[in-house]
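Sequential numbering of the sequence shown, starting at 433, is according to our numbering.
Because the hints were derived from the structure by calculation, they are not lab data.
These figures come from a predicted structure and were not determined experimentally.
Quick reminder that beta carbons are idealized off the backbone N, C-alpha and C, glycines included.
Certain hints may be false.
Only pairs whose alpha carbons sit at most 20 Å apart, straight line, appear in this in silico EDC-like list of lysine to aspartate or glutamate [said to hold, decoys possible]:
1. K1373 / D1347
2. K1019 / D1347
3. K1310 / E1260
4. K714 / D1082
5. K1408 / D1391
6. K1275 / E1212
Distance ranges between label pairs, derived from CB positions [to be verified]:
7. Q1211 / G1284: 32 to 40 Å
8. R893 / P1142: 29 to 37 Å
9. A1144 / A1054: 45 to 53 Å
10. A758 / N566: 49 to 57 Å
11. V945 / D549: 38 to 46 Å
12. K450 / I839: 52 to 60 Å
13. R885 / R1254: 21 to 29 Å
14. D565 / V595: 33 to 41 Å
15. R1254 / A1189: 17 to 25 Å
16. R1016 / A1234: 56 to 64 Å
17. E1152 / P1124: 29 to 37 Å
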Amino acid sequence: MSALEPRPDIQSWQRLKKPGQPTVFTIPATDSFVDALARGLLADAAAVPLTLARMTVLLPTRRACRSLREAFLRLGNGTPVLLPRLMPLNDLDDEEALLSGFAVQGDAMADIPPPIDALRRKMLLASLILKRDNTTHDQAVALAAELARLIDQMQTERINSSVFKTLVPDDYAVHWQETLSFLDIITSHWPDILRSEGCIDPIDHRNRVFAAQAAIWRARGDQLPGPIIAAGSTGSIPATADLLSVIANLPQGCVVLPGLDQGLDEPSWAVIDEMHPQFGLKHLLAQLKLSRSDVLSWPGANVVKPDSASWERIRFVSELMRPAAATEAWADCTLSPTAIQGLYRLTAPSPREEAAAIAMAMREALETPEQTCALVTPDRELAMRVASELERWGISIDDSAGRDLDISPVGAFLRLSAEMVASNFAPLPVLSVCQHPLAASGMDPVVFRNLTRLAERVLFRGPRPAPGLESLRLMAGALNENGKEIAGWIDHLARACDGFVTAMSGAESSVSVLLEAHMRCAEALAAAHETAGPLRLWAGEDGESAATVIAELANACQALPPITPNAYPSLFAALLGGRVVRPRYGKHPRLAILGPLEARLQRFGTMILAGLNEGVWPADPAPDPWLSRPMRARCGLPSPERRIGFSAHDIAEALCAPRVILSRSTKTEGAPSVPSRWLMRLDQVIVAAGLPTLITRASWLDAARHVTRPAAIRPWLAPEPRPPLSARPRRLSVTQVETWMRDPYAIYARTILRLDALDSIDADVAAADYGILIHRALQEFVTINGSNEQQLLEIGENLFTASTVRPAVRAFWWPRFQRIARWFVSTEKERRQEIKSSSVELKGTLRLSAIGGPFDLVAKADRIDVRKDGAVVIIDYKTGPPPSSKEVTAGFAPQLPLEAMMVLNKGFPGILATDIAELAFWHLHGREDGAKQMPIKADVKTLVAEAYDGLAKLISEFDKVETPYQARPRPEFAPKYSDYEHLARIKEWASAEEGES
433 MSALEPRPDI
443 QSWQRLKKPG
453 QPTVFTIPAT
463 DSFVDALARG
473 LLADAAAVPL
483 TLARMTVLLP
493 TRRACRSLRE
503 AFLRLGNGTP
513 VLLPRLMPLN
523 DLDDEEALLS
533 GFAVQGDAMA
543 DIPPPIDALR
553 RKMLLASLIL
563 KRDNTTHDQA
573 VALAAELARL
583 IDQMQTERIN
593 SSVFKTLVPD
603 DYAVHWQETL
613 SFLDIITSHW
623 PDILRSEGCI
633 DPIDHRNRVF
643 AAQAAIWRAR
653 GDQLPGPIIA
663 AGSTGSIPAT
673 ADLLSVIANL
683 PQGCVVLPGL
693 DQGLDEPSWA
703 VIDEMHPQFG
713 LKHLLAQLKL
723 SRSDVLSWPG
733 ANVVKPDSAS
743 WERIRFVSEL
753 MRPAAATEAW
763 ADCTLSPTAI
773 QGLYRLTAPS
783 PREEAAAIAM
793 AMREALETPE
803 QTCALVTPDR
813 ELAMRVASEL
823 ERWGISIDDS
833 AGRDLDISPV
843 GAFLRLSAEM
853 VASNFAPLPV
863 LSVCQHPLAA
873 SGMDPVVFRN
883 LTRLAERVLF
893 RGPRPAPGLE
903 SLRLMAGALN
913 ENGKEIAGWI
923 DHLARACDGF
933 VTAMSGAESS
943 VSVLLEAHMR
953 CAEALAAAHE
963 TAGPLRLWAG
973 EDGESAATVI
983 AELANACQAL
993 PPITPNAYPS
1003 LFAALLGGRV
1013 VRPRYGKHPR
1023 LAILGPLEAR
1033 LQRFGTMILA
1043 GLNEGVWPAD
1053 PAPDPWLSRP
1063 MRARCGLPSP
1073 ERRIGFSAHD
1083 IAEALCAPRV
1093 ILSRSTKTEG
1103 APSVPSRWLM
1113 RLDQVIVAAG
1123 LPTLITRASW
1133 LDAARHVTRP
1143 AAIRPWLAPE
1153 PRPPLSARPR
1163 RLSVTQVETW
1173 MRDPYAIYAR
1183 TILRLDALDS
1193 IDADVAAADY
1203 GILIHRALQE
1213 FVTINGSNEQ
1223 QLLEIGENLF
1233 TASTVRPAVR
1243 AFWWPRFQRI
1253 ARWFVSTEKE
1263 RRQEIKSSSV
1273 ELKGTLRLSA
1283 IGGPFDLVAK
1293 ADRIDVRKDG
1303 AVVIIDYKTG
1313 PPPSSKEVTA
1323 GFAPQLPLEA
1333 MMVLNKGFPG
1343 ILATDIAELA
1353 FWHLHGREDG
1363 AKQMPIKADV
1373 KTLVAEAYDG
1383 LAKLISEFDK
1393 VETPYQARPR
1403 PEFAPKYSDY
1413 EHLARIKEWA
1423 SAEEGES
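Using the sequences plus the hints, can you model the full thing?
This is the structure in structure tokens:
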């Protein structure tokens, strides 16, 4: 017997047909649907081998067609064979029907107008919305998508849109009246547009094609070229149910249902609702005027014997899905422990650990030869996590549900390039584009990326530059180093974007013009020195998908009215959204990651059903933006919960696999999650039937944790660098001395390693910048010997205007400055009677002798006032909280005492004094009273002497090579903020030290 010869124990399905009755079979959910279907079809072709080639098999999806093709290959061990014509129901159209040879009465098909392109339909609807509603283009596109969805739902259920005219009574809320007025687009305007386009809606087209095809098959009957089998569909769509009804009544036709529950008692069957997995099958049988007992077992299916493991599993799933109105039957439920043999639970604390454990389970499956395993989940983020975890073992696997085009590498590059030009080359958009792997702008990609990193450091760190590339050229021209290279980088960027910049410069522009300029810009940005831009940009799966979408957009966007250029990026993102890139290559032979839709009719040795939390699986019903639930019911539309029934059918089918892992995480985004309703029902049925609790496979979690857990955890020690004396600083400022005392490691990092903290990209003007503005304003006022508040306000106004303070920040700071100015001028008037001279921002240096050599102490005093009696007052302005008196007297805030020491030792030029009258902080907080004088309440001479002794000891101590530059040697006096905290890894060792203490 050859590989593809049928088994002798399987008879032809055509011999089981009953005259005058629709022929309907079912394949039990415990069997592999496509394998059983293939076996039955082979049995039908036993006598005449070419019979198989003359068959036509209709399946729900293209993936199901591919799975059946693979089933024939498995059964034949690769033996070549003429397969049946496999056609997906969801893609059946008139062209495919005509090519199939069925439509000999071609006029019926020719009379059906073509379907309107989905994207063009969206654009036309969006243009109608823009005419009726004051909304943005991207919002109009989103509303158009929802409106198209409503049209599809209405036509799927074959409901005339005229029902809207009597839908909303006058006593309904006003906004429902407004909604009805908005839906006038569907009832009045849209049909006229379709007629002018010479097209019809896609669902309407499908309905007409199905009806025409059904009429052709019904008319030809015995004259059809071969058998027609519709398999795997539940007939949930009315047009599909009608087609299945015709096929079931054909002399050479039959329908094969997936997993019909023939064991559920009749009272329970009668109360099935739309959230039940058998709801669609029940309605289909009612349309065919068949009872469940009339449905035959498919000849190719494995026989499910009573009390077998398969029998018990089917009964268990039936009880699990029992209608809510009939759950009192659980009290009498009796099941064998074999019903749950092969079912496992996996409960993880977080999605990350759930993904790691699932990956471990999938990796374990590969240890068994020929074992197959599939992860099935509607949670695409979880699917991506699992795929990433599997890469740990070099397993490359794609999520067959695909990924969103707008977040794919090419999609992101296109979106970001639009945002870059629309923002007039703001720092973040420019860097986002130029650091993208596709970006090269005609240069060597490596050189381009290196120059981008350099430009980031010298152009984009700190406050935002002036808009446009010309301002960046000016900044590059002012650089002492690398200015020429960066200018060349800017020139390449400018040439790539020139046409798009021109297109975006008008008040309004056509979307098609902007799109064309955008694509030319993207191709130029993607060009490398040896490779043309289109070859790099449109390569790969996401590149090809993006090219297809852009070609569709170019044709469809002509229906949109002109837009302002700044609206283009959001519109482009909206148009790109919702498109999916599906993998075609790199499929693993034994592992798969599937969405529930892709998993239908698939069977694997192990099925991992993951993300079993409420809101994920099943998903929460999506809110309808147009119709309330009562209004949907009055229209004849199904309730949103109907989709829960579809999900329940997917779960019920998957639960009948030989080995099933039910997985969930107890927390999602840090919040507790609720187990899926089917998990809770499963537990209830197990308890009611007296079955043992499902085995929880914590071993996968433990193994996953073991992979990432180090063999031993070694506490990280606090850093204690001991650089040579020659590398240690011999010059520090008074403020650095304070840092030296509180955090020596920061001095080591900055002055010895010469590591300077980078400013943030596109930084807002921070509190430190505010302090600088205040200092400059007061400095200028004192220098000119200002006398009134208006002068100080004018100085402040000039400084604020010249800075890059954003309006929102200025609105916060300026009132504070006004209050400071009022207080400062008033205080100055009182103090000037005693002041002989005032010096501001005065620089000074004092050289000290030390064991390691001379040590220079430098300072820049905010203000030094010489009184008429010769004594000196040293003032330090603080816009933030000043040090406390405790910190000053303890020596951890030595700035003013050290400046006093420098004054007494002639460290400031022009200041000759032998007495320090006062050391004071002026807290310029800007609140109600403006500011506050905070003199240090301690003996100044004592503070100066202690500061000198402390500094001398500090210099002497660090002149010893064994003295380390510790991080935060005294935590209670540690600085509130340090740029080098992460380098010192403080959080890694500080907690351990605190725990030991």
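Consistency of the hints with the structure:
At roughly 9 Å between alpha-carbon atoms, K1373 and D1347 fall within 20 Å of each other, so this suggested pair holds. Simply put, K1019 and D1347 have alpha-carbon atoms about 85 Å apart, too far for the 20 Å limit, and the pair is violated. Between K1310 and E1260 the alpha-carbon distance is near 17 Å, which keeps this suggested pair within the 20 Å criterion. A C-alpha spacing of about 16 Å is found between K714 and D1082, which places the hinted pair at or below 20 Å, so the restraint holds.
The suggested pairing of K1408 with D1391 is violated, with an alpha-carbon distance near 27 Å, which exceeds 20 Å. Restraint check: the Cα-Cα separation between K1275 and E1212 comes to about 16 Å, which is no more than 20 Å; the hinted pair holds. Between Q1211 and G1284 the beta carbon distance is about 36 Å. The supplied range of 32 to 40 Å therefore holds. Range check, R893 to P1142: about 36 Å between beta-carbon atoms, so the 29 to 37 Å window is met.
Between A1144 and A1054 the C-beta distance comes to about 50 Å, which sits within the given range of 45 to 53 Å. Evaluation of the 49 to 57 Å hint for A758 and N566 yields a pass: the beta carbon distance comes to about 52 Å. Separated by about 21 Å at the C-beta atoms, V945 and D549 break the suggested range of 38 to 46 Å. Here the CB-CB span from K450 to I839 is close to 54 Å, well matched to the stated 52 to 60 Å.
Between R885 and R1254 the C-beta distance comes to about 47 Å, which lies outside the given range of 21 to 29 Å. Under the hint 33 to 41 Å, the C-beta atoms of D565 and V595, about 22 Å apart, miss the expected range. Taking 17 to 25 Å as the suggested C-beta distance range, the pair R1254 and A1189 does not conform, at roughly 35 Å. Between R1016 and A1234 the Cβ separation comes to about 58 Å, which falls inside the hinted range of 56 to 64 Å.
A C-beta distance of roughly 58 Å is found between E1152 and P1124, which places it outside the suggested range of 29 to 37 Å.
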